[in-house]
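Asker: Residues per chain, in single letters:
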Amino acid sequence: MSQLQPIIEPELAPLTAFTARKRGGLRVPGWLSLLLANRKSRFGLIVLAFMIVIAVIAPWISVAHPTDFNILATRQAPSWHHLFGTTDQGSDIFSQVVLGTRRSLILGAAAALIATTLAATLGILAAYAGGIVDEVVNFLTNVFLVIPTIPLLVVISGYLKARGMTTMILVLGLTLWAFEARILRGQALSLRNRDFVQAAKVAGESTWRIVFGELMPNMISRITAAFVLVFYIALLVDAGLEFLGLGDNTHVSWGMVIYWAQVNSTVLQGEWWPFLFPGLALVVTVVALVFLLAGIDELSNPRLRNIKRSK
Amino acid sequence: MRWFLRRLVFYAFAVWVALTLNFLLPRLMPGDPIAGVLAHLSPSQIQANPGIIQTYEALLGGGKGTIWHDYVVYLHRLAHLNFGISTSNYPAPVSEVIGRTLPYSIFLVGVAFLIAFAIGTTVGMIAAWRRGGAVDTVVVPTLMALGAFPAFFTALLGVFFLGLKLKWFPIQHGYDSGLVPGFDWAFLSSAFRHSQLPILVIVSAFAGGWVLNMRTVMINTISEEYVAMAHAKGLRDRRVMTRYAGRNAILPPLNGFAAQFAGAVGGLVFIEVVFSYPGAGLTLQQAALGNDYPLTQGLLLIFAFCVIASSFIMDLANFVLDPRVRAS
Numbered sequence: 496m497s498q499l500q501p502i503i504e505p506e507l508a509p510l511t512a513f514t515a516r517k518r519g520g521l522r523v524p525g526w527l528s529l530l531l532a533n534r535k536s537r538f539g540l541i542v543l544a545f546m547i548v549i550a551v552i553a554p555w556i557s558v559a560h561p562t563d564f565n566i567l568a569t570r571q572a573p574s575w576h577h578l579f580g581t582t583d584q585g586s587d588i589f590s591q592v593v594l595g596t597r598r599s600l601i602l603g604a605a606a607a608l609i610a611t612t613l614a615a616t617l618g619i620l621a622a623y624a625g626g627i628v629d630e631v632v633n634f635l636t637n638v639f640l641v642i643p644t645i646p647l648l649v650v651i652s653g654y655l656k657a658r659g660m661t662t663m664i665l666v667l668g669l670t671l672w673a674f675e676a677r678i679l680r681g682q683a684l685s686l687r688n689r690d691f692v693q694a695a696k697v698a699g700e701s702t703w704r705i706v707f708g709e710l711m712p713n714m715i716s717r718i719t720a721a722f723v724l725v726f727y728i729a730l731l732v733d734a735g736l737e738f739l740g741l742g743d744n745t746h747v748s749w750g751m752v753i754y755w756a757q758v759n760s761t762v763l764q765g766e767w768w769p770f771l772f773p774g775l776a777l778v779v780t781v782v783a784l785v786f787l788l789a790g791i792d793e794l795s796n797p798r799l800r801n802i803k804r805s806k
Numbered sequence: 011m012r013w014f015l016r017r018l019v020f021y022a023f024a025v026w027v028a029l030t031l032n033f034l035l036p037r038l039m040p041g042d043p044i045a046g047v048l049a050h051l052s053p054s055q056i057q058a059n060p061g062i063i064q065t066y067e068a069l070l071g072g073g074k075g076t077i078w079h080d081y082v083v084y085l086h087r088l089a090h091l092n093f094g095i096s097t098s099n100y101p102a103p104v105s106e107v108i109g110r111t112l113p114y115s116i117f118l119v120g121v122a123f124l125i126a127f128a129i130g131t132t133v134g135m136i137a138a139w140r141r142g143g144a145v146d147t148v149v150v151p152t153l154m155a156l157g158a159f160p161a162f163f164t165a166l167l168g169v170f171f172l173g174l175k176l177k178w179f180p181i182q183h184g185y186d187s188g189l190v191p192g193f194d195w196a197f198l199s200s201a202f203r204h205s206q207l208p209i210l211v212i213v214s215a216f217a218g219g220w221v222l223n224m225r226t227v228m229i230n231t232i233s234e235e236y237v238a239m240a241h242a243k244g245l246r247d248r249r250v251m252t253r254y255a256g257r258n259a260i261l262p263p264l265n266g267f268a269a270q271f272a273g274a275v276g277g278l279v280f281i282e283v284v285f286s287y288p289g290a291g292l293t294l295q296q297a298a299l300g301n302d303y304p305l306t307q308g309l310l311l312i313f314a315f316c317v318i319a320s321s322f323i324m325d326l327a328n329f330v331l332d333p334r335v336r337a338s
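Just so you know, the protein sequences line up as chains B and P, in that order.
Numbering of the first sequence is given in the numbering used here, commencing with residue 496 and proceeding in unit increments.
Numbering of the second sequence is given in the numbering used here, commencing with residue 11 and proceeding in unit increments.
In case anyone wonders, no lab produced these hints; they're calculated from the structure.
A quick note: this is a predicted structure, and the numbers were derived from the prediction, not measured.
Keep in mind that the hints are not guaranteed to be accurate.
To be verified - Over 10 angstroms on every C-beta distance to chain B, these chain P residues come out as not near it, computed from the model:
| hint | residue |
| --- | --- |
| 1 | G41 |
| 2 | L48 |
| 3 | I129 |
| 4 | P160 |
| 5 | F162 |
| 6 | R203 |
| 7 | Q206 |
| 8 | D247 |
| 9 | F313 |
Unchecked claim - Only part of the chain B face toward chain P is listed, based on derived beta-carbon distances under 7 angstroms:
| hint | residue |
| --- | --- |
| 10 | W575 |
| 11 | A605 |
| 12 | V649 |
| 13 | A698 |
| 14 | G735 |
| 15 | V779 |
| 16 | V781 |
Just so you know, even glycine gets a beta-carbon here, dropped at the ideal spot from N, CA and C.
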């Protein structure tokens, strides 16, 4: 079907202007200043930078080993001594949250990297190759979209007895690619008949070279947006699995703190600090990424941006 | 009609993938799932259920037969809804456990998801129509922020503030203790009361996604010429918004319904765990923690079927709403 489309699109003029602006965005200071100029992405970047700083300096600002327990100081409300209070076992929640930050960011980013690599390769290849390759990839993507991810991950985690960080990165990376592949395929479809792609094709370049050398560099801002999207979804899913007691069980994490709070029904006893602080840490990180994503969207969709500015 | 057949082929294939994935997963995993399951049954329990080991072997592998033989037996058992016995609910078979818990989940997610869809698309439509208005600047960011909250966190906040502090809602379980599930007024009213807070949490978690989606599409739709034409004809503003721009803008979000619904089913697991709600999500977590693999297998299949079925229903809605689909 897709072969029947006309090769030359009528609306080339605005699109070339659009790509030109994005080419300028490829240089490092260029894209950064672009992102900082937008209110939403600036906010997202600043908050994200703050979380990264926390993650880096975590071992120095955590006051206690996260699994140290102290029977004399259990269930304490936040105070100067324990900023975020203590758990049932008397562990310091501030230390747990701060150290969990490092783990969550690394796990989310690594899983998102795997998923994005898979999604970009499959999505762009499908869009460019068209025909049967496209049909197969599209079909598979849609099938994976109707298989609910969380139950699937719960079942997989149930089978895995040793769930280290690497295992969870792989499991998340290999399950979260489908919706991203669909987004990127759609966007690559709008590029595949552009002059520079046709020129490369006429010059006899191989499919892989066109996918990786021509299409991918021109979609870098869209791939970045997709990466940010999967990053925060991976953070949410990962924390969710830990909350269910089915995540990485070798490190202290935000989700794990809330899991133990839930198991010991601390909420029902009126203790709000064991779930509020790790939950807020997760929410702040996710909101930062959502704002960053919204900023990138506004930058690459002029319609969303212009009307905003006229306000 | 061709479009319809294509969709049917797709769904048949999706069902097959779900079945086969479910068959392969325990075989691909490290360890010996069947030993984990049998460890939960005493020798006398195994003896009391002849054929149970064969059923487990067909489901989980580890038997002497070839994988093809297992696959045929597996499909045969599934066709008879025979998933074996749930070890954590002995002596109840898996199908009975699912039949008991699924209605709670379907009610919760069904009602909540329709409300979230209705609120989300309406807010998204109005926000795009009046950019910078009250809805666009207050309601949209609020719903979006709530949507970014992890479902279990929203649920815990709800339990703590609305349930524990304000005492507006019951906070645990699906109905008052002491009641027996059945079709009588005492049980149904209690169950309805207990479902309110979970439903509120699901709505607040999922309305934001629809808002964003609808608003983005609507903004693009508004600059279409037929909308300007409708204005030029002198139609009332509201009519142009709902019948011209809104009706067309709702189609792309509808196409994302299946993926959204799959997400809501996932969110359901977290919410049921927070509320100790006796649905299929809580059962899935308990089964996964307790090595009750026959039950996790059965539940995963049921979840996948529910999403596929809802997606099919959405296709039918699309068929009714979009003349282009009907014409093809």
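Asker: Can you list which hints this structure breaks, lowest number first?
Answerer: 1, 4, 5, 9, 10, 11, 13 and 15
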